[in-house]
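> Residue numbers (the numbering used here), protein chains in the order written: chain A, 57 to 512; chain E, 3 to 624.
I should point out that these hints are in silico values taken from the structure, not numbers from a laboratory. Glycine included, every Cβ here is placed at the ideal spot set by N, Cα and C. Misleading hints may appear alongside valid ones.
Claimed, not checked - Taking CB as the label site, the calculated pair distances span:
{"no.": "1", "chain 1": "A", "residue 1": "Ser-250", "chain 2": "E", "residue 2": "Met-505", "range": "31 to 37 Å"}
{"no.": "2", "chain 1": "E", "residue 1": "Gln-507", "chain 2": "A", "residue 2": "Arg-105", "range": "41 to 47 Å"}
{"no.": "3", "chain 1": "A", "residue 1": "Ala-405", "chain 2": "E", "residue 2": "Thr-521", "range": "25 to 31 Å"}
{"no.": "4", "chain 1": "E", "residue 1": "Glu-499", "chain 2": "A", "residue 2": "Arg-91", "range": "40 to 46 Å"}
{"no.": "5", "chain 1": "E", "residue 1": "Pro-536", "chain 2": "A", "residue 2": "Ala-258", "range": "48 to 54 Å"}
{"no.": "6", "chain 1": "A", "residue 1": "Pro-325", "chain 2": "E", "residue 2": "Arg-588", "range": "49 to 55 Å"}
{"no.": "7", "chain 1": "E", "residue 1": "Ala-495", "chain 2": "A", "residue 2": "Gly-99", "range": "31 to 37 Å"}
{"no.": "8", "chain 1": "E", "residue 1": "Met-505", "chain 2": "A", "residue 2": "Arg-94", "range": "38 to 44 Å"}
{"no.": "9", "chain 1": "E", "residue 1": "Gly-607", "chain 2": "A", "residue 2": "Arg-105", "range": "31 to 37 Å"}
{"no.": "10", "chain 1": "E", "residue 1": "Gln-507", "chain 2": "A", "residue 2": "Arg-347", "range": "49 to 55 Å"}
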Amino acid sequence: MYIRDTIAAISTAIGEGGIGIVRVSGADAAAVAERLFRKTNDGGLQSHRFYYGTIVDPSSGDCVDEVMVVLMRAPRSYTREDLLEIHCHGGYLVVQRVLELALLSGVRLAQPGEFTKRAFLNGRIDLVQAEAVIDVIRSRTDTALALAQHQREGKLSGRIFAVRDRIASALALVEAYIDFPEEDIDTAAGVAISDHIRSAAAEIDDLLCGFREGKLVREGVSVLILGKPNVGKSSLLNNLLREKRAIVTSQPGTTRDVIEEVVNMGGLPVRILDTAGIRNADDLVEQEGVRRALERIPGADLVLFVLDTSRPFSEEDASILAELRRSRVVVVRNKIDQPVGIETPAFPAEWQVVDVSTMTGTGMDRLRQTIRDTFLQGRAVDGREYATLSHHRHRDALVRCHASLDLFAANLAAALSPELLACDLRDALRFVGDVTGETTPDDILDRIFSAFCIGK
Amino acid sequence: MIQYDRTYDVIVVGAGHAGCEAALAAARMGCQTLLLTINLDAVALMSCNPAIGGLAKGHLVKEIDALGGEMGKNIDATGIQFRILNMRKGPAVRASRAQADKQQYRLRMKAVLEHQDRLDLKQGEVTSLRLDGGELRGVDTRAGVRYCGKTVVLTTGTFMRGLIHIGLTNYPGGRAGDLPSVGLSDQLRDAGFEVGRLKTGTPARLDGRTIDFDRLEPQHGDDPPVPFSFSTERILQPQVPCHIAYTNPRSHEIIRSGLDRSPLYSGVIEGVGPRYCPSIEDKVVRFPEKDRHQTFIEPEGRDTVEVYPSGLSTSLPIDIQWAFYRSIEGLERVEIMRPAYAIEYDYVDPIQLHATLETKKVRNLYHAGQINGTSGYEEAAGQGLMAGINAALKVQGKEPLVLGRDEAYIGVMIDDLVTLGSREPYRMFTSRAEYRLLLREDNADLRLREKGYAIGLLPEEEYRSFCRKREQIGEELERVRRARITTSTTDPAFLREFDLEGMQQALSLEQFLRRPDITYAELERVDEVARTLPAAVREQVEIQVKYRGYIDRQLEQVERARKLEGTRIPDAFDYASLSGLSTEVREKLQRFRPDTLGQASRIAGVTPAALTILSIALKGRG
């Protein structure tokens with residue numbers, strides 16, 4: 057229980073709401089705002105004022121969402137600490153992304169009920185309210201407990217415990233080396249330590265990969281269909297939805313918005329967005345539609361760039377292509393049932409190209425598979441497993457654990473003395489302990505005594 | 003009972019390593035003190051190996067010394083081989099160890115006790131506490147004498163209902179050659195204490211004249227020997243070597259052939275033994291793949307031929323012992339002077355103690371040493387010192403002294419004991435200390451001298467000399483921050499040697515010292531002031547500069563934990579009334595009854611969520 061550090065969490069209910077709020081409480085709240093929030097005019101944030109602006113990913117400079125932000129300076133806030141609220145427009149994914157950026161700024165994910173706890177500990181709410189707080193925390197704890205038990209039986213927990221086990225074994229070797237200098241302890245220990253740490257790190261990598269997948273499975277991905285008019289975008293959408301139905305296309309040049317449909321692809325919820333056909337239009341309204349379509353590119357997890365193979369690669373195609381440099385793209389070459397009239401340019405090597413005919417259905421299964429594999433690398437979806445690791449707390453813990461292991465490996469290579477190496481491993485254990493529970497010194501001693509013959 | 007006509011402030015029962023420190027501390031702090039022992043010729047006797055210190059134990063001795071205890075000085079005066087272990091590892095895990103002249107060690111300690119003002123040293127077996135309606139009044143002895151005292155410190159060692167085993171033969175004894183203490187543990191049980199049974203063992207003592215030392219590998223001490231005590235200038239007595247020998251497959255065959263007559267394996271022994279100090283039969287059974295086990299043949303003293311083969315304790319029958327010891331190369335003709343044996347004894351689970359070592363059940367009663375389920379002279383001495391200090395403070399109506407886990411190994415040990423209890427003999431390891439980098443041997447004085455002085459235990463002159471050292475360290479830390487190495491004023495050869503030629507800015511001495519390849523030995527070549535500093539000051543500054551990053555990290559963790567450690571849980575706290583705790587956590591808390599939130603956090607199975615609930619409930623009360 058760290059009282060002084062800065063914490064962050066999503067404070068609105070999970071799901072698709074009109075608005076989502078990320079809260080940051082603690083001394084670093086203002087620093088987080090400074091790092092992530094860009095507003096139109098210069099100057100800092102005044103306390104208790106709403107500001108309009110954007111959240112920007114500092115690493116890429118990408119705009120994540122348009123937001124309203126308010127900073128409440130201590131003690132005039134819910135927690136009586138500096139409290140930052142970021143009101144996002146977007147759905148759950150965007151709110152998650154904003155939280156992630158906050159966490160990457162060095163703040164810690166809040167424990168369940170921690171904002172309320174701080175409010176109480178800082179004297180913001182009274183005793184009667186505190187009773188209610190206990191109830192709130194209890195209900196969350198019970199959920200957490202149920203989750204923990206669920207995990208204990210599950211595959212996931214087995215894997216996290218295996219990580220802990222590896223680290224604890226490595227630590228036991230280091231500690232034995234420190235505490236029993238007079239014993240003839242095998243010198244092979246050094247190799248074993250490296251082995252343990254390597255496989256623990258690899259396992260964490262794998263789990264974190266699973267985390268991303270788990271998140272995808274729970275929250276779905278967005279796939280944007282993009283292409284100039286008449287390349288078969290709507291029939292592609294119909295095909296992916298596996299049903300013939302009229303796409304609500306209004307009078308050309310009037311409503312040029314984006315159509316959104318959700319389809320399940322082998323356990324992966326895919327939100328397909330069909331855009332108005334992009335064309336270098338002079339018409340102002342149509343230009344607006346084009347602008348909106350292009351605007352969707354950064355928010356999409358995957359772009360299906362549709363080409364008509366019966367017609368030559370045009371300037372219109374090229375201008376769309378130019379917008380896709382930073383996206384994940386599958387090139388869909390449609391109308392292969394017709395004579396080929398296109399000479400496709402060279403695409404980046406990591407782009408998949410799929411030939412389809414939306415008329416005959418040729419290649420559609422392959423396209424579905426390609427979309428799914430883009431996200432899940434062909435792995436089967438075990439809903440339970442992904443559901444558990446889609447928790448930020450676990451991810452947070454594993455990321456920190458991994459960082460400690462990296463530090464350990466670097467320090468080991470630099471031949472730092474063993475008690476410093478032990479510090480790194482203890483940190484790693486502490487972080488993984490947020491998921492598995494603490495590893496006590498006795499656990500480590502147990503390992504030493506069972507592995508080595510020790511005694512004077 | 004015939005009542006003795008004096009009333010003592012502190013009565014200490016038992017004159018082993020815990021009892022001696024307890025009695026000296028109380029008397030030095032101004033209390034009228036009585037030290038009772040079953041055998042006046044066995045004061046501070048080393049019942050097992052003739053050595054002080056070792057990993058984590060050396061740390062304890064330095065801490066005892068820093069607070070004003072005697073153990074460090076006693077071994078400095080009577081040690082016959084001094085070594086610093088882990089010299090090639092970092093400063094936090096370096097530890098001092100010394101072989102003692104066993105008889106000299108006990109004789110010197112007895113003399114120190116005898117010359118201590120306000121301290122009476124008497125022979126007598128305490129058979130019961132005198133309890134008057136639950137209030138402690140003193141002790142009664144086997145000889146029919148009643149001693150009155152305001153506080154009592156029990157340091158019973160292995161004596162309470164001690165039972166010695168050699169093979170299937172067993173007989174009552176507190177130690178080979180001494181009577182057991184009978185009656186006291188029954189009374190404690192009747193008074194409501196949970197009393198358990200532990201086991202430990204010791205190897206045979208061998209006749210050095212019958213050992214072929216030429217065929218063994220000698221191990222010498224450090225030259226020059228480095229003393230334990232911060233107050234000892236240098237060790238003057240000459241040093242003697244130990245020798246290393248090994249068991250072999252034939253030794254293990256012999257051991258196995260005697261297992262059917264082992265009290266351990268035949269179930270005669272019910273007490274739990276220490277895993278880190280297993281008997282040789284335990285090692286052979288548990289690690290059958292090992293074809294040899296190492297032993298250090300340690301001298302028991304300069305004036306005796308007796309030697310102690312470490313790591314070879316056993317409770318096997320004497321005929322197996324004869325054959326087994328003689329199976330070792332170099333020991334083919336060896337004569338056993340005292341057989342190896344195991345001993346079972348009663349202990350009182352320390353979970354029934356406050357962090358002051360006062361029992362929760364009986365006020366003014368303190369427990370220290372093996373009665374708390376620990377093992378080791380140093381562990382015992384550390385507890386004895388704290389029990390003596392706290393008994394004295396209690397009599398004087400002053401605040402108790404409790405050391406934190408971030409302040410001392412003694413603090414870690416006592417917190418472990420009173421928070422988690424003990425199920426097997428507890429030994430100190432550096433891995434038990436989460437703030438290991440802060441708790442070094444080298445800075446024990448910086449950590450604890452001030453406290454020892456504040457309670458009136460540390461003598462004025464030792465405190466003054468410490469203050470001088472502390473000032474020098476402070477000044478030197480400041481100086482290395484300010485003083486710089488510049489390319490213009492430094493010998494070019496030196497700059498070349500340490501790759502400093504091209505540097506753009508002047509380098510502070512601190513930055514230079516931080517380099518792994520740089521110590522004061524290099525620094526003093528270009529820095530005159532460094533040459534004039536005492537070695538202890540240089541060492542301290544060097545460590546603090548080099549390890550600052552890691553030390554700061556641990557200090558940060560200490561800071562975070564402080565809030566938990568400082569939040570007290572009332573004695574009678576009702577966990578049942580607290581909604582939101584799982585049954586498992588509630589049962590644990592009810593059993594362990596932690597004094598603080600910090601202690602609660604160290605109980606296995608108490609989750610962060612449970613701590614949150616608890617802390618909120620406590621906040622509500624305050």
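> Would you mind marking each hint as holding or not holding in the structure?
Against the structure, the hints:
no. : hint                              : in the structure
1   : A:Ser-250 x E:Met-505: 31 to 37 Å : holds (35 Å)
2   : E:Gln-507 x A:Arg-105: 41 to 47 Å : holds (44 Å)
3   : A:Ala-405 x E:Thr-521: 25 to 31 Å : violated (54 Å)
4   : E:Glu-499 x A:Arg-91: 40 to 46 Å  : holds (44 Å)
5   : E:Pro-536 x A:Ala-258: 48 to 54 Å : holds (50 Å)
6   : A:Pro-325 x E:Arg-588: 49 to 55 Å : violated (42 Å)
7   : E:Ala-495 x A:Gly-99: 31 to 37 Å  : violated (57 Å)
8   : E:Met-505 x A:Arg-94: 38 to 44 Å  : holds (40 Å)
9   : E:Gly-607 x A:Arg-105: 31 to 37 Å : violated (47 Å)
10  : E:Gln-507 x A:Arg-347: 49 to 55 Å : holds (53 Å)
Figure legend: structure checked against the earlier numbered hints; hints not met, in rising order: 3, 6, 7, 9.
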